[in-house]
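Based on the provided sequences and hints, a complete structural model is requested.
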Amino acid sequence: MEQWNLDQPITAFLDELASKSSAPGGGSAAALSGAMGAALLSMVCRLTIGRPRYAAAEAVMQTMLDRAEALRHELQSLAEEDVFAFKRLSAAYKLPRVTDADTAIRRDAIQAALRRATEVPLRTARAALGLLPLCQPVIEQGNPSAVSDVGAGIYLAHAATEAALLNVDINLRALEDQRYVREVRAEVGRLTDGLGTEVERLVGLVQMKMAG
2 MEQWNLDQPI TAFLDELASK SSAPGGGSAA ALSGAMGAAL LSMVCRLTIG
52 RPRYAAAEAV MQTMLDRAEA LRHELQSLAE EDVFAFKRLS AAYKLPRVTD
102 ADTAIRRDAI QAALRRATEV PLRTARAALG LLPLCQPVIE QGNPSAVSDV
152 GAGIYLAHAA TEAALLNVDI NLRALEDQRY VREVRAEVGR LTDGLGTEVE
202 RLVGLVQMKM AG
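Just so you know, we're using the numbering used here here: the sequence shown kicks off at 2 and counts up by one.
Source of the hints: derived by calculation from the structure; they are not laboratory data. Note that the structure is a prediction, hence the values are computed from the model and not measured. Misleading hints may appear alongside valid ones.
Once the Cα atoms are required to be at most 20 Å apart in a straight line, the calculated SDA-like pairs of lysine to any residue come out as [unchecked claim]: (1) 21 with 11; (2) 88 with 52; (3) 210 with 108; (4) 88 with 108; (5) 88 with 112; (6) 88 with 173; (7) 95 with 164; (8) 210 with 193; (9) 210 with 147; (10) 210 with 95; (11) 21 with 9; (12) 210 with 44.
This is the structure:
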């Protein structure tokens, strides 16, 4: 396959992911995991909206649906962007370095591509984390017969975040702009502060709802 994109079947993505090609890789997988988490939230909202017994939750569920769908589309796009970012980085590493000028051009190209390859998974982590605040209203007011799907969405959003941030970390290690590296590491710290606790709390709410 020359270039995977979202218009191709999921089997094409998995085949390419399993191949010796380096892209798509973990960053794209992270983004699609987050997109699946968003899709599950959307599904539960749609299983609630329009049903008379959940009329009181209609407005809240519509708001949650709109936000989940916006994040789903963003994460789907990021899955493709991650492939493009990696290919740009790979191309930069292949630039010639015969002369000093070549070497300087190559170094600058690599650094620019590394920055792009850092920013894409960082955006993926932000988007995946953006799903978590949507979960509690859906757990509490959504169709209870589908609450386990909210739980699955929580786990997928968490996995997407952690997987994306691994890609951020490996690219930061090769970046020379230490100010930028410090800024990103500080943001990663803010993003992950209390994340595990929040995931456990939300899953606990799911389990309580399932228990009736």
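Check the hint pairing residue 210 with residue 108 against an upper bound of 20 Å on the C-alpha distance. Given pair residue 210, residue 108 is violated - Cα atoms ~55 Å apart, limit 20 Å.
Take the C-alpha atoms of residue 21 and residue 9, compute the straight-line distance between them, and say whether it is at most 20 Å. 19 Å, holds
When you check the alpha-carbon spacing of residue 95 and residue 164, does it fall within 20 Å? 27 Å, violated
Distance restraint between residue 88 and residue 112, which requires alpha-carbon spacing of 20 Å or less: Given pair residue 88, residue 112 holds - Cα atoms ~14 Å apart, limit 20 Å.
Pair hint residue 21 and residue 11, alpha-carbon separation not exceeding 20 Å: Holds. Residue 21 to residue 11 sits at ~18 Å (cutoff 20 Å).
Run the distance test for residue 88 versus residue 52: straight-line Cα separation, threshold 20 Å. Given that 20 Å is the threshold and the Cα spacing comes to 47 Å, the pair is violated.
For residue 88 and residue 173, compute the direct alpha-carbon distance and say whether it is at most 20 Å. 17 Å, holds
Restraint check for residue 210 with residue 95, where alpha carbons must lie at most 20 Å apart: 54 Å, violated
Can the restraint linking residue 210 and residue 44 be considered satisfied, given a maximum Cα separation of 20 Å? 17 Å, holds
Verify the proposed pairing of residue 210 with residue 147, using a straight-line Cα cut of 20 Å. Holds. Residue 210 to residue 147 sits at ~10 Å (cutoff 20 Å).
Are the Cα positions of residue 88 and residue 108 separated by 20 Å at most? Holds. Residue 88 to residue 108 sits at ~16 Å (cutoff 20 Å).
Hinted pair, alpha-carbon criterion (20 Å max): residue 210, residue 193. Please report holds or violated. At roughly 26 Å apart (the allowed maximum being 20 Å), residue 193 and residue 210 break the hint.
Checked against the numbered hints above, the structure violates hints 2, 3, 7, 8, 10; every other hint is satisfied.
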